[in-house]
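A.B. asks: Chain by chain, the residues:
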Amino acid sequence: MTFGEYIREHREALKSEDRRFSVRQVAQRIGVEPAYLSKIERGDVAPPSEAKIRALAEELGEDPDVLLAMAGKVSTDLQEIIRKRPQLFADLIRQLKSAPDHALLRIARDVRDGDW
Amino acid sequence: MIELMNNQLTFRFPEVHKKAVCSIDFQRTLRIPDDNREYPLPPGLGRFPVEHVDDFADKLPDTWRTHGGVFIPMYQSEALWINFSGDYPCAVKIAAGKINAVSGEPWNNGLSADPQDYAVIPEQPWLDGFNVSEDFIRQFVAMPLGEGFTAEEQITGKAEHGGLQIIVYPMKHDVYVEHFERTVEADMDYLDMPMFSRTVCESAAPDMGLAPGGLMRQEIYEDEYGIDAWDQDNGFRCFIHLANSEQYLAITGHQPPHTPPTAKDYTSAGLPWFDYYSDSKALVGSDTLGKLTSVAAKVIEKGKGLLPDNEPVHPKTVKIISKGNVVRDGEF
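Residue numbers (numbering that gives the first Met the number 0), protein chains in the order written: chain A, 0 to 115; chain B, 0 to 331.
By construction, these hints were calculated from the structure, which means they are not laboratory data. A quick note: this is a predicted structure, and the numbers were derived from the prediction, not measured. Quick reminder that beta carbons are idealized off the backbone N, C-alpha and C, glycines included. Check the hints yourself; a few may be wrong.
[Said to hold, decoys possible] Distance windows between CB atoms, simulated:
{"no.": "1", "chain 1": "A", "residue 1": "H101", "chain 2": "B", "residue 2": "D274", "range": "49 to 57 Å"}
{"no.": "2", "chain 1": "B", "residue 1": "E180", "chain 2": "A", "residue 2": "K96", "range": "31 to 39 Å"}
{"no.": "3", "chain 1": "A", "residue 1": "F88", "chain 2": "B", "residue 2": "D86", "range": "22 to 30 Å"}
{"no.": "4", "chain 1": "A", "residue 1": "P63", "chain 2": "B", "residue 2": "P13", "range": "45 to 53 Å"}
{"no.": "5", "chain 1": "A", "residue 1": "A89", "chain 2": "B", "residue 2": "P121", "range": "29 to 37 Å"}
{"no.": "6", "chain 1": "B", "residue 1": "E180", "chain 2": "A", "residue 2": "D62", "range": "37 to 45 Å"}
{"no.": "7", "chain 1": "B", "residue 1": "E14", "chain 2": "A", "residue 2": "S74", "range": "17 to 25 Å"}
{"no.": "8", "chain 1": "B", "residue 1": "P121", "chain 2": "A", "residue 2": "E8", "range": "49 to 57 Å"}
{"no.": "9", "chain 1": "B", "residue 1": "E146", "chain 2": "A", "residue 2": "W115", "range": "18 to 26 Å"}
{"no.": "10", "chain 1": "A", "residue 1": "P85", "chain 2": "B", "residue 2": "S277", "range": "38 to 46 Å"}
{"no.": "11", "chain 1": "B", "residue 1": "G156", "chain 2": "A", "residue 2": "S74", "range": "44 to 52 Å"}
{"no.": "12", "chain 1": "B", "residue 1": "T65", "chain 2": "A", "residue 2": "S37", "range": "41 to 49 Å"}
[Said to hold, decoys possible] With a Cα cut of at most 25 Å, we get these calculated DSS-like pairs of lysine-lysine:
{"no.": "13", "chain 1": "A", "residue 1": "K96", "chain 2": "B", "residue 2": "K17"}
{"no.": "14", "chain 1": "B", "residue 1": "K301", "chain 2": "B", "residue 2": "K290"}
{"no.": "15", "chain 1": "A", "residue 1": "K83", "chain 2": "B", "residue 2": "K157"}
{"no.": "16", "chain 1": "B", "residue 1": "K157", "chain 2": "B", "residue 2": "K290"}
With the rest of the complex left out, here is chain B (with noise of 0.2 Å):
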């Protein structure tokens, strides 16, 4: 089942394992110049509201309904990240629009080995954009479907589904335990877990979907276990929609976040960046998600001048991460 609390989202696959749990959520963050420039990681600015569709049926589009899922606010242009946390491994597919953001093909459940199509977590402990060449990404930026900015309309020439799509599939119960049950020594008994401790849950159209922005210096890494050592019988998905943040206030009756600050301000304040350094191997890059046309770039080709706040930055502070020391938590 998928749970939704504290505007996370977790997956437990009590029936693999009692320990296979992994939590997504999805994190403000500034958007990066999209000016062909390298850049390192921007800062996490704290987890976007999230929605189950259910609860404000009535007042969202009929696709929605029938998707199902959950909606969060983002504003034109706004930039986002995607957390992964949890200790046991699972194999995470990740969609734009119903395009893969790892591989560039169309959405089906199963996962796929050649060429990867998802991600390994705890291994990827984020991801942020599409993946378009080996070691870079292209920062997932929010833009209303239909005006061909996003990855779906440039590889499909439709805006037909927009959001974000996530299935999850945890390691099948016996690799596990041949990989980890003898060494790890947590005892994490499902029903003890802090279920009635949590916080509360705190709690469109035209709807928005995700194009490719800034470039950024960030792996996706190969799948060491091999494409086996995942239980794609017990698998969890999720429609995340993403509803324009002025549409959100009347849908929901509340505020959305403020708008993030912008590269420039938050650089120049002298706020940190990161770096994250792993020694997996990462995959290549996506040919088909390498040839989409930045935000920018497009905004240029449609003859609308320039895209706001784009100037070049040059992080002075770059804060080196590691594995087992994976928190990027700005302030501003």
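This is chain A alone, in the form it adopts within the complex (with noise of 0.2 Å):
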């Protein structure tokens, strides 16, 4: 599914009980015209920028980061983390692919440090 196709989707199934996610209302809740979201949603333009996909994301309730990669994009802050040790990240992502998802996920958890 490309990432117009999915957005569409998305829009739709939250349109069809609750009106405000017409492609007029979220276009400018997000700051776009509705012809260029129209345009996004059938792949006849390229993905948005990084900032749009995060409305979206928010507006959609969608999770940024899996929107990102579905529009070919990696987020700032992590294109920041892999700068600082680009061969040490491209080689334990590369060791990572095909590990099963508990093993990713044990790695991903860290214990959170709060406001004390």
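Fit chain to chain and form the complex, with the hints in mind.
C.D. replies: What follows is the structure in structure tokens.
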């Protein structure tokens, strides 16, 4: 499924229960022209900027990293992390390519520090 | 980052050095008699279960969610000790109710050299309590917050934080290379560490806090590297909440561990206590912590009779352990 198809499918699903998810209203809320959003959904234009994808993700209740990946983009914060140690992270990601989800989740899980 | 696996917190600092790893777990133990006699080290009876706060966020107090971190179940009057492991030198600062357990000072994130308010691992293999005088600590004993027993309440007059707080700083890369790199042979590329083969992590209110219990012979060692050896730009910290064991079951659906044996039962069974020897120089005790009233004395002060299961014991089997042989497992 392409980025545009995914957006359209999820937006239409939300619209079936709430009219605020029409192309026009969603476009307004994320700050683009309705015609542009329509073109994105049809795949007539390339996916929008990272900022607009993040706005779309928030609007549609989707994970921004998932939408960015579908759009062929890597979020700026991840790019910064990789740029600091490119070889190490390239090796790491390649090594983890075939690891099962539960193993990946265990690595991704750290103890959160809060406010105290 | 801090990982929780096998009921152990592992602090990794790959940005500092690939070997910069230290692990901390919380050992169940018996409560030594709180009678102002001096006792040797009690055994470790296995790790306390440790849970992510975020896994049970909807059942925990708002303040716990704000603090983040983890929680462990403890019975009232149960004792614990903190077990350190790892070869890469790290400075570890520990507080109970945000009162530093080494210096008695209120919590802050940084390290202090005068007075030294942290322990250095691996020189310090464990910490069993509050640093009340040179060569002696008062055992960490869990008590409900709000009843005036905890070190926090005795020092600040408030029952605000409870729990345990830990921050770990690794040795600076350059200092490590200078001291160890040419002599340490072990090749431990952290990417090759058995991240996938480890066993799966096993899986409140009112809060509990730690109060000073019985007197134990234990030294907290002076930092032989000096405060500048520690990379204070790369620390990780963790709030360890203490959940009353009865509420732990309601929160997690998991049974808490059984209550530990009493010191009397353990000793009567002929099981070993421990003494640790090191030639490192010990810190002096904290005046503030030295003035704390122990749990048993507080019980009497409050007119509540005597602390139960507090009869003196006379350990007959005391195993001597030293650096390189720091296992103090008990069997019961």
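A.B. asks: Are there hints from earlier that the structure breaks, and if so, what are their numbers?
C.D. replies: The structure breaks hints 1, 4, 15; every other hint is satisfied.
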